[in-house]
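> Now for the letters of each chain:
Protein chains: 2
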Amino acid sequence: MLIKDASIMQDGKLLRDVNIAIEENRIVGIDPGLADGSSDGEVIDASGMLAIPGLINAHTHLAMTLFRGYADDMELMPWLEEKIWPLEAKLTSEDIHWGVKLGCLEMIRAGITCYNDMYYFMDETARATKEMGLRAFLSEVLFDMRPDIIATTEPFIKRWKEDDLIVPALGPHAVYTCSEETLLKSKEIAEKHDVMLHIHLSETRSEVESFAKNCGQSPVEYLDSLGFLSGRVIAAHCIWLSPKDISIIAERKVNVAHCSISNHKLASGIAPLDQLQMAGANICLGTDGASSNNSLNLFQEMKTTAIAQKCAHSRPDLFRAGEVWKMATENAYAAFRLDLGLRAGALADLALIDLKKPWFCPLTGDNIVSHLVYSAQGGVDTTIVGGRVLMRGGVIPGEEAILDRAQQQFQDLVTR
Amino acid sequence: MLIKDASIMQDGKLLRDVNIAIEENRIVGIDPGLADGSSDGEVIDASGMLAIPGLINAHTHLAMTLFRGYADDMELMPWLEEKIWPLEAKLTSEDIHWGVKLGCLEMIRAGITCYNDMYYFMDETARATKEMGLRAFLSEVLFDMRPDIIATTEPFIKRWKEDDLIVPALGPHAVYTCSEETLLKSKEIAEKHDVMLHIHLSETRSEVESFAKNCGQSPVEYLDSLGFLSGRVIAAHCIWLSPKDISIIAERKVNVAHCSISNHKLASGIAPLDQLQMAGANICLGTDGASSNNSLNLFQEMKTTAIAQKCAHSRPDLFRAGEVWKMATENAYAAFRLDLGLRAGALADLALIDLKKPWFCPLTGDNIVSHLVYSAQGGVDTTIVGGRVLMRGGVIPGEEAILDRAQQQFQDLVTR
Numbered sequence: 019m020l021i022k023d024a025s026i027m028q029d030g031k032l033l034r035d036v037n038i039a040i041e042e043n044r045i046v047g048i049d050p051g052l053a054d055g056s057s058d059g060e061v062i063d064a065s066g067m068l069a070i071p072g073l074i075n076a077h078t079h080l081a082m083t084l085f086r087g088y089a090d091d092m093e094l095m096p097w098l099e100e101k102i103w104p105l106e107a108k109l110t111s112e113d114i115h116w117g118v119k120l121g122c123l124e125m126i127r128a129g130i131t132c133y134n135d136m137y138y139f140m141d142e143t144a145r146a147t148k149e150m151g152l153r154a155f156l157s158e159v160l161f162d163m164r165p166d167i168i169a170t171t172e173p174f175i176k177r178w179k180e181d182d183l184i185v186p187a188l189g190p191h192a193v194y195t196c197s198e199e200t201l202l203k204s205k206e207i208a209e210k211h212d213v214m215l216h217i218h219l220s221e222t223r224s225e226v227e228s229f230a231k232n233c234g235q236s237p238v239e240y241l242d243s244l245g246f247l248s249g250r251v252i253a254a255h256c257i258w259l260s261p262k263d264i265s266i267i268a269e270r271k272v273n274v275a276h277c278s279i280s281n282h283k284l285a286s287g288i289a290p291l292d293q294l295q296m297a298g299a300n301i302c303l304g305t306d307g308a309s310s311n312n313s314l315n316l317f318q319e320m321k322t323t324a325i326a327q328k329c330a331h332s333r334p335d336l337f338r339a340g341e342v343w344k345m346a347t348e349n350a351y352a353a354f355r356l357d358l359g360l361r362a363g364a365l366a367d368l369a370l371i372d373l374k375k376p377w378f379c380p381l382t383g384d385n386i387v388s389h390l391v392y393s394a395q396g397g398v399d400t401t402i403v404g405g406r407v408l409m410r411g412g413v414i415p416g417e418e419a420i421l422d423r424a425q426q427q428f429q430d431l432v433t434r
Numbered sequence: 019m020l021i022k023d024a025s026i027m028q029d030g031k032l033l034r035d036v037n038i039a040i041e042e043n044r045i046v047g048i049d050p051g052l053a054d055g056s057s058d059g060e061v062i063d064a065s066g067m068l069a070i071p072g073l074i075n076a077h078t079h080l081a082m083t084l085f086r087g088y089a090d091d092m093e094l095m096p097w098l099e100e101k102i103w104p105l106e107a108k109l110t111s112e113d114i115h116w117g118v119k120l121g122c123l124e125m126i127r128a129g130i131t132c133y134n135d136m137y138y139f140m141d142e143t144a145r146a147t148k149e150m151g152l153r154a155f156l157s158e159v160l161f162d163m164r165p166d167i168i169a170t171t172e173p174f175i176k177r178w179k180e181d182d183l184i185v186p187a188l189g190p191h192a193v194y195t196c197s198e199e200t201l202l203k204s205k206e207i208a209e210k211h212d213v214m215l216h217i218h219l220s221e222t223r224s225e226v227e228s229f230a231k232n233c234g235q236s237p238v239e240y241l242d243s244l245g246f247l248s249g250r251v252i253a254a255h256c257i258w259l260s261p262k263d264i265s266i267i268a269e270r271k272v273n274v275a276h277c278s279i280s281n282h283k284l285a286s287g288i289a290p291l292d293q294l295q296m297a298g299a300n301i302c303l304g305t306d307g308a309s310s311n312n313s314l315n316l317f318q319e320m321k322t323t324a325i326a327q328k329c330a331h332s333r334p335d336l337f338r339a340g341e342v343w344k345m346a347t348e349n350a351y352a353a354f355r356l357d358l359g360l361r362a363g364a365l366a367d368l369a370l371i372d373l374k375k376p377w378f379c380p381l382t383g384d385n386i387v388s389h390l391v392y393s394a395q396g397g398v399d400t401t402i403v404g405g406r407v408l409m410r411g412g413v414i415p416g417e418e419a420i421l422d423r424a425q426q427q428f429q430d431l432v433t434r
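Keeping their order, the protein sequence lines are chains F and S.
Following the working numbering, the numbering of the first sequence begins with 19 at its first residue and continues without gaps.
Following the working numbering, the numbering of the second sequence begins with 19 at its first residue and continues without gaps.
Honestly, the hints are just simulated from the structure, not real lab data.
Some clues are possibly wrong.
Identical chains share a label here; the pair holds if one copy fits it or two copies do between them.
[Said to hold, decoys possible] Straight-line distance between alpha carbons at most 25 Å, and here's what the computed PhoX-like set of lysine-lysine pairs gives:
1. Lys148 <-> Lys22
2. Lys31 <-> Lys101
3. Lys148 <-> Lys374
4. Lys108 <-> Lys210
5. Lys108 <-> Lys179
6. Lys374 <-> Lys176
7. Lys22 <-> Lys231
8. Lys148 <-> Lys231
9. Lys271 <-> Lys203
10. Lys210 <-> Lys176
11. Lys374 <-> Lys271
12. Lys271 <-> Lys31
13. Lys101 <-> Lys179
14. Lys231 <-> Lys31
15. Lys148 <-> Lys176
If you're wondering where the values come from, they're calculated on a predicted model, not measured in any experiment.
Work out the full structure, taking the sequences as your base and the hints as a guide.
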């Protein structure tokens, strides 16, 4: 496949009329003069379009897209106890299937090519994701109220370890829902199979305060004392951190999945990204689930992260567009050890964005990153994962049928 | 014109298969069984679409859309002194024309049918806006460094007073840029011609503190002492307010144009909307200029307002979707005395939104407002102002030519 006459970003500058050659699931060449050497002869005209490497959604619960708009504007505990948990108790693999596909539709439309998920029914999530063609890191959620799940993690890893799109992982929910035994067992399995560990960490003030009261240390200190923290950990939220916590996170090379919109909507708080950044922590961006966001869109997440952090620290010059763009791309590629980027040899996970939109005007040589972070509003035309075209010209084959089916599935779930 | 088989919102609920009849610039009927009694016989099939009354952008500087992405991530004073003011010093009416048209394109795409603007070259702004077909409240910016402008305001009002789309207004910039004489003269002219007063109020902490230091009272107290404050005032920002300021704003029925994204991006601060609301103030939403946002999209503004306020007050149950929706619609209709809404007799300013998008799924009878505020991402299909169709099927006639021309005009401006 040849993507012809695209614009790309190079060191924040716009470079026009570039051809990108894709062979099977990888980029094999990228150059202005490149001819099509691919076997399939497929050519995508990308004139007037910007090619970006895929965005990575570093924290979500994708099947919960089925709960979008089901319960908003509520305090956390009534929201969970009265709305979310009763619905989750009734979930079937069929619900998961359509919730995941619905979520995939939205991410494909937003140029997200890979997501990191923690939820239930992960085999079904993997199947639905593969059918949609996205890449995903999947972990069945582990907590002590369901002690049976941990025994399923190794078989799950073995089933999916060699898959081209699905990367199995371990997902101990949080320090306040998992015993020391569960945390240590998760870590042991993750190390044995060399997979990631996905955990919620220090999301709410009350959770952190009550943990400290009961255990005499912060959740971060506690996990560190267990030897749990390392570069294979993706820790979602990380809002209520002490200076010592921040040092530990940076030193242990823990990857932070920052979820700005969810943190604001649930009033969880504003993460100290400035201090995390200064300490050298690797920060990625996640949407969290669509029941607390309610979108799955990293363009929104980038803008909200940048402006909220500027305001929180009274510094409009901090969290510049280029830094925030890195959080959604390069930082995440490093966290997930993804061989991604617009360069020969990388996986062919990318999106084409229509530049002929008001929000990209005026376009100069060096304001493209600003436009992507601060003004882009939709306009993703084409999304490609592993060389497979998932959307072209804004059309995802079968989208309407999935929307109808997801709608029906939700109605079935709430009346079940 | 008949809009056929639309869905509409009624008290937050979804009502399907409604027909909307439009005669000249007004809605003449709205009912499920309504037949087309219009003379032009034009029918718009709106099945699968939601009809909403037009959104009102209560504060912007539209021609500055030409500066989008020109200067970001800077402190306020260097941003103004090094970037914005030097560019503004070179502005011609040709720049204004294309900047305004570019801004109109973006607002039409976002279902905004009317905007409230303060800037330079208002006759040119009016002409460009009329050509694009939007409704606008326009005020030439007044400040003491340009004492000549105030003499142009009455002729401007007279020229445009009877126009069907353009509503002239007075725009004294702020208390720290306008003398008492300018403020009083503005008020006098506004009262004489019964037009609105558009002013920036208490946007930055330093501006409010230095005003208090010099004058012994807050900007709000000062304006009140002049008798300036009334229901004809639209005050943009209103961030740094004392409890007394808040009482005055509510008591005088001043309309607040809250600009959440700009306030965050410039790190100006978070407005005390909770206290303003409790005091009974009328709150509307504005985007501010695209040089400090960088979008002109009230869907973004609604979401950011809701989530930022929830977080600022640690109350996820405050600033519910329905309340924030009102800020972009009904509150603004009241502020600007606009006869708007989906009802017979109202001006035919409305938008049709495609509901067959992932972010509207699942759709129940009562989550539509939540979807509009928290998950809607583009998908405005049709925008109509005063009965004239400005966009249909996502197509705005002449859009590409405007984008090309605006791009060229910006390049001309920066190299001039």
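> If the cutoff is 25 Å on CA atoms, where do lysine 231 and lysine 31 land: within, between, both or neither? Let me know, please.
neither (51 Å within a copy, 45 Å between copies)
> Between lysine 148 and lysine 22, at a C-alpha cutoff of 25 Å, which is it: within one copy, between copies, both, or neither?
Answer is neither: 27 Å inside a copy and 39 Å across each miss the 25 Å cutoff.
> With identical chains treated as interchangeable, where does the CA-CA distance between lysine 271 and lysine 203 reach 25 Å or less: within a copy, between copies, both, or neither?
within (21 Å within a copy, 62 Å between copies)
> For lysine 31 and lysine 101, with the copy left unspecified, which applies at a CA distance of at most 25 Å: within, between, both, or neither?
between (47 Å within a copy, 20 Å between copies)
> When Cα atoms must be at most 25 Å apart, do lysine 148 and lysine 231 count as within-copy, between-copy, both, or neither?
neither (44 Å within a copy, 64 Å between copies)
> Given a CA cutoff of 25 Å, do lysine 148 and lysine 176 count as a within-copy pair, a between-copy pair, both, or neither?
within (17 Å within a copy, 65 Å between copies)
> How would you label the pair lysine 374, lysine 271 (within, between, both, or neither) given a Cα cut-off of 25 Å?
neither (40 Å within a copy, 42 Å between copies)
> Taking 25 Å as the upper bound on the Cα-Cα distance, should lysine 271 and lysine 31 be classified as within, between, both, or neither?
neither (30 Å within a copy, 49 Å between copies)
> For lysine 210 and lysine 176, with the copy left unspecified, which applies at a CA distance of at most 25 Å: within, between, both, or neither?
Answer is within: at 12 Å inside a copy they meet the 25 Å cutoff, but 80 Å across does not.
> Could you figure out if lysine 108 and lysine 179 sit no more than 25 Å apart (CA to CA) within one copy, between two copies, both or neither?
So lysine 108 and lysine 179 fail the 25 Å test inside a copy (29 Å) and across (62 Å) alike.
> How would you classify lysine 374 and lysine 176 at a CA-CA limit of 25 Å: within, between, both, or neither?
For lysine 374 and lysine 176, neither the intra-copy (46 Å) nor the inter-copy (38 Å) Cα distance is at most 25 Å.
> Evaluate lysine 108 and lysine 210 at a C-alpha cut-off of 25 Å and name the case that applies: within, between, both or neither.
Cα proximity of lysine 108 and lysine 210: none, with 34 Å in one copy and 66 Å across.
Of the numbered hints stated above, those contradicted by the structure are hints 1, 4, 5, 6, 7, 8, 11, 12, 13, 14, listed in ascending order.
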